[in-house]
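**Student:** Single-letter residue listing:
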Amino acid sequence: MITGPTFTTAEFLLRPSFTALCLLCELLRPVSSANSSRSLLVIELNLGIRKMASTACFMIVSRNDIPIYEAEVGTAPKKEDAAHQHQFILHAALDIVQDLAWTTSAMFLKSIDRFNDLVVSVYVTAGHILNMLYIHTRLMLLHDSRNDDGIKSFFQEVHELYIKILLNPLYLPGSRITSSHFDTKVRALARKYL
Amino acid sequence: MEPDVSIETSCMIRVAVLPIGSIAIPLFRDYTSMLVRHYTVSLSSISSFYTEHQKSPFAHQPWDSGSLRFKYMVGGSPASPWEDFQSNRKIFAVIGICHCPSSPDLHSVMDQFVTACKSYSSSVVQRCFAFCPGDSQLEDESFKGSNLILFPPADRQTQEFHLQTMMQDIAASLLMKFEKSVLQAESGGTILKTPLDSQASLSSEEVIKAKKRRLGRAQKTIGDYCLLAGSPVDANAHYTTSLELARLTGDFFWYAGAMEGSVCALLIDQMGQRDQVLDDEIKDRYNSVILHYRKSFIQDNAQRVSPLSFELEATLKLARYLCRKELAKEVVGLLTTAADGAKSLIDASDRLILFIEIARLFGTLGYHRKAAFFSRQVAQLYLQQENRLAAISSMQVLAMTTQAYRVQSRASTDHALYQESGQNHADGGKAHHNWIVSLFESQWSSIQMVVLREILLSAVRGGDPLTAWSAAARLLRSYYPLITPAGQNGLASALSNASERLPSGTRCADPALPFIRLHSFPLHSSQQDIVKRNHGRDDWWAGSAPSGPFIYTPFSKGEPSQSSKQELIWVVGEAVQVFVELANPCGFDLKVDSIYLSVHSGNFDAFPISVSLSPNSSKVIALSGIPTEVGSLKIPGCIVHCFGVITEHYFKDVDNLLVGAAQGLVLSDPFRCCGSPKLKNVTVPNISVVPPLPLLISRVVGSDGAIILCEGEIREVQISVANAGTVPIEQAHISLSGKNQDSIQLIVYETLKSSLPLKPGAEVRIPVTLKAWQLGFLDPAAAPGKNISGSTGRQVKDGCSPVLLIHYAGPLTYAGGDASTNGSIPPGRRLVVPLNICVSQGLSLMKARLLSMEIPAHVGEDHSKVQVETSSAEGSPRTDRFMKIDPYRGSWGLCFLELELSNPTDVVFEIGVSVNMEDSNTEENPEYDYPKTRIDRDYTARVLIPLEHFKLPVLDGTFLVKESQMNGTATRKSSFSEKSSKAELNASIKKLISKIKVRWQSGRNNSGELNIKDAIQAALQSSMMDVLLPDPLTFGFRCGNNTSQDFADLNLDEGSNIQGARKGSVRAHDTTPVEVLVRNNTKEIIRVSLSITCRDIAGENCVEGDKATVLWAGVLNGVTMEVPPLKEYRHSFSLYFLVPGEYTLLAAAVIDDANEMLRARARATSCDESIFCRGPPFHIRVNGTM
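In the order they appear, the protein sequences are chains S and H. My numbering puts the first residue of the first sequence at 1, with every later residue one more than the last. My numbering puts the first residue of the second sequence at 10001, with every later residue one more than the last.
To be clear, the hints were calculated from the coordinates, so they are not data collected in a lab.
With a straight-line Cα cutoff of 25 Å, these simulated PhoX-like cross-link-like pairs (lysine-lysine) come out:
{"#": "1", "chain 1": "S", "residue 1": "Lys110", "chain 2": "H", "residue 2": "Lys10325"}
{"#": "2", "chain 1": "S", "residue 1": "Lys152", "chain 2": "H", "residue 2": "Lys10329"}
{"#": "3", "chain 1": "H", "residue 1": "Lys11083", "chain 2": "H", "residue 2": "Lys10991"}
{"#": "4", "chain 1": "S", "residue 1": "Lys152", "chain 2": "S", "residue 2": "Lys164"}
{"#": "5", "chain 1": "H", "residue 1": "Lys10343", "chain 2": "H", "residue 2": "Lys10329"}
{"#": "6", "chain 1": "S", "residue 1": "Lys78", "chain 2": "S", "residue 2": "Lys185"}
{"#": "7", "chain 1": "S", "residue 1": "Lys79", "chain 2": "H", "residue 2": "Lys10343"}
{"#": "8", "chain 1": "S", "residue 1": "Lys110", "chain 2": "H", "residue 2": "Lys10329"}
{"#": "9", "chain 1": "H", "residue 1": "Lys10211", "chain 2": "H", "residue 2": "Lys10295"}
{"#": "10", "chain 1": "H", "residue 1": "Lys10739", "chain 2": "H", "residue 2": "Lys10771"}
{"#": "11", "chain 1": "H", "residue 1": "Lys10343", "chain 2": "S", "residue 2": "Lys110"}
{"#": "12", "chain 1": "H", "residue 1": "Lys10343", "chain 2": "S", "residue 2": "Lys78"}
Please work from the sequences and hints to get the whole structure.
**Tutor:** This is how it looks when you write it as structure tokens:
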């Protein structure tokens, strides 16, 4: 698959080329910074003293692997680059989820994948078991803590919230969740459990 | 670390392949590809080249089934510090490749080869392959027996065979060298060292330790050679010994190495046969390998060197071995562990290789997203190197991830397939939604943006402008809502920078901006409408085009399901237009250098236009072109030249995008954010191109658009139609359509008919007479009040004007007799000529009312004047007639129709009233004309029309009787005749009204007629009886000296010598014979009793009473007479006026036994009421004695 032509002349400059990368980073408008930065402030006030800064990225992936909701719910200071990296890791983990989901009847698949010190936990809704791929949804959390119980509770409660969203007749299954109420609730749950 | 490692790597003999002399790279690749095919050389094939010099150490060599494996290091590779540890890392052979025609001097080639070999100290066999030598080079004997091997020019098969032989020779030589090495290793006391062992001067303790380990290491090395020599059984024996020794001496690193070798030996021994037991064995052993590598980690020199790379390599080897779908979980575990190790790797290139290998293995497993993730990590490592080659590598690696991230360039996808998928989604509902969702599968916008951004960055750095352009275009087009205006500007400049480096006319598969969607297909302009010809009918256009006011006709034959897919016919050589909408949702000015319709069928010439779009704007533009050939035509999109590159924009893409936006799957609808209204999905109709048809064009002669007419104006215009096509017109038919059709009074159809066939270029003028309609009737807004204010509001309204439809067609067969159009009749066409009539306000009727006047008549001497007039129209000039009052027809109760006309316009009108008496059949002038009335602008004038001439000659009972019955007891029996009489009445009213024509003239050319029928009717309605019906009795007086006997004679005399002074006057003190004429206007005999009075100027009765000034002879009161129907009755008497002056004679009659009709006429309330008829007053002037 990969044949790099420059293996032999390996003259590496380990200095990361921030200048070039940052140039284009500035081009990108923060996707949801407006509301998340405010809640971030709250998290730091409430929990920042007690806990170490944690990383957590929560996503809901609908069928056809379309992300319908994403939120950075960690307490670590946000970096644009890191947020992208989190999504990359979650995206890659879908490969493993798709195989693993069929091997177990559990909905909560803990720590199915990791990259560096970031761990991916997944909660698979019952859609695939009942062969209703129509509502087959995966709640994915990228985290660096090992608080499995908390994550499980978080997932369960978010699942309930998600079902409420699904029951909304005006919500088209598979489209983005734009409800600010949902967003607030999810962030509150993240503060509570993660 | 090394790329591409597997368990079998341990048994591969490395051969460096080097280009020698000057050789073109493709040629070198070609020769190399021939060489690398020989990666295994079976032992049986080399036996002929093999000579056993001493007893072979490889006792169990499988000569019949075994083989030597080669690994070709094309371009060579540097020596590894770990050569002693793993002998397979050594380069055992060097093969030079030389292309003789480009490097003729073989001596220098040899020199170069020898120099090149020097850097491969471990190599034991060197050969230089020289391809395609010339004759002189072949004859050169000096290289016989040296390492230079010439491959004489031959066909490829021969060359390959030659090469194979050479490789077998090399293999045999290597095998002999391995034997020698093994013998040396067994006997020799060289201490095998690795970078792991401390390099500094050995302490005594370490020397002892090293000596202890020496034996085990030597055994491992011998095992390695056995493996390379293709003898796994021997290798296994040596490895077993080595493992034992290494375990005893705690030499974990070499232990692991030996274990790895033993696994390889096991695998080779199994000859590729795999089963569960073998897998488990290998898994177990490799886990132990990994464990021991990990154990051998020494903290001291961890900064410098680490066995970690071996541990990771071992992990990758195991993963590669297990890499199957059913073992995915284990492989994923191994690879995840390996990825974790990346952080601890010291060498950045090791990390690169690790990630590459992980990505490859995930890819093999079918985990494309994982593979893409690690590929991206690789790309990032490349990007950190900040050199051009690395940037290109990064770009290439990222290009491989685009499929997983769904940002692939359209060049790499089969677009036709993609388009097809969208074709059949008509079932709607959920299935439709599912289809839409699948279009936007895996839309992770933020990571897609990152990937594209990185591709852009690496392409810019690597100097690949086309890739950079494509990436920037994809980024801008798909993710503009997430990019700040500054960022959008940056991308725009990236696009233009990239295009500067591209040759002009470069095409790119990925469209950038603008977004283009189909707006509409103008079905033909009304000038060029194509109508299917209905063969065999005279009106061939009927039924083919929707007619009538309804959009849907239940009788039309179209299938309702396919109605959306309309057919469009274009004509060869006639320019057509298609409307598209462009949107620029970005924050910069977009300049589209050219845009034109893209037609793949090649029968269309599209005309490019250039557009510029301001930020966040959309625009509907018309793209035009000319069909050039007959056939079907498809327009999938537009070709756009923007940002220096030519791209094709498909309408389908944008449609899908818009549907996705509607479903909440895509970030934003580019058209809606530009403020463009939502548009219904436009279906691309089936377009077929037909051979040339005739083409009529029309224009109104002498007017540049609207025909401006005043209300009621009548004008003749000429419409010129010309054949602008190349086919003669053979049939043509004019019909009318639209509103106000009655405003077209006359079309001279014959003019067009007579000029058929109309040759190309020919022109014909059709005269059309127009009469402008009334404004007020159409437009209630133009209220009278507004008219009075004097605003000359011109009422132009679309759709008010009538439309001429000209259906025309060419000959019944196509001109060329094309085979493609066989059997079909060429369609006809329809030309719509809108008569753009603009009616401006003209004279307006303020009011029409009936005036009754009482003008007393003079007692005349010429009774028969009326009879003369009515019998023949000769005599007095016509203007007299207006004021002439017929004394016998009742000048009393004279009726005038008064029309009040106002002129709110700024021109002067002249009004002429004419009354057309239809009963006067004489040719000369059947009309009564009245003097013209001039109405200045902003003035109001009144025109009087006497209604005297309308009286019916006979008071017929029919009208009146019925009317009275209607008032009273309407019986069913009479209802029919009632109705008919009512209709008769109405008809006569209509007839009356139509006789009155009010014509106007303004200026020199404009003339017209006022449409005042309704107003007149309204004015007359109430007193129609009075106007139309004569009184039952009319009275008249005549005085003179003559007796009744010679009445007629006198009459003639009087007519010949009328004297103004004498006329109608009598002298006082003279007996004046007077006759009273009573005329019965009914059809029945009326019995009356007549009485006559004479009044003086004061109104006193001067016949009777004390102070009578008039003496009389004869009977004046109670004269009973029977007047026969329609006849006159004369009653004579004489008067003697005592005093000169003005007198008035009045006749009155009481009708005895009045019938129903008379009562009705008199509007009598009760039946016993006597009907009293009074004649009009007559003046009589009595002169004194002269």
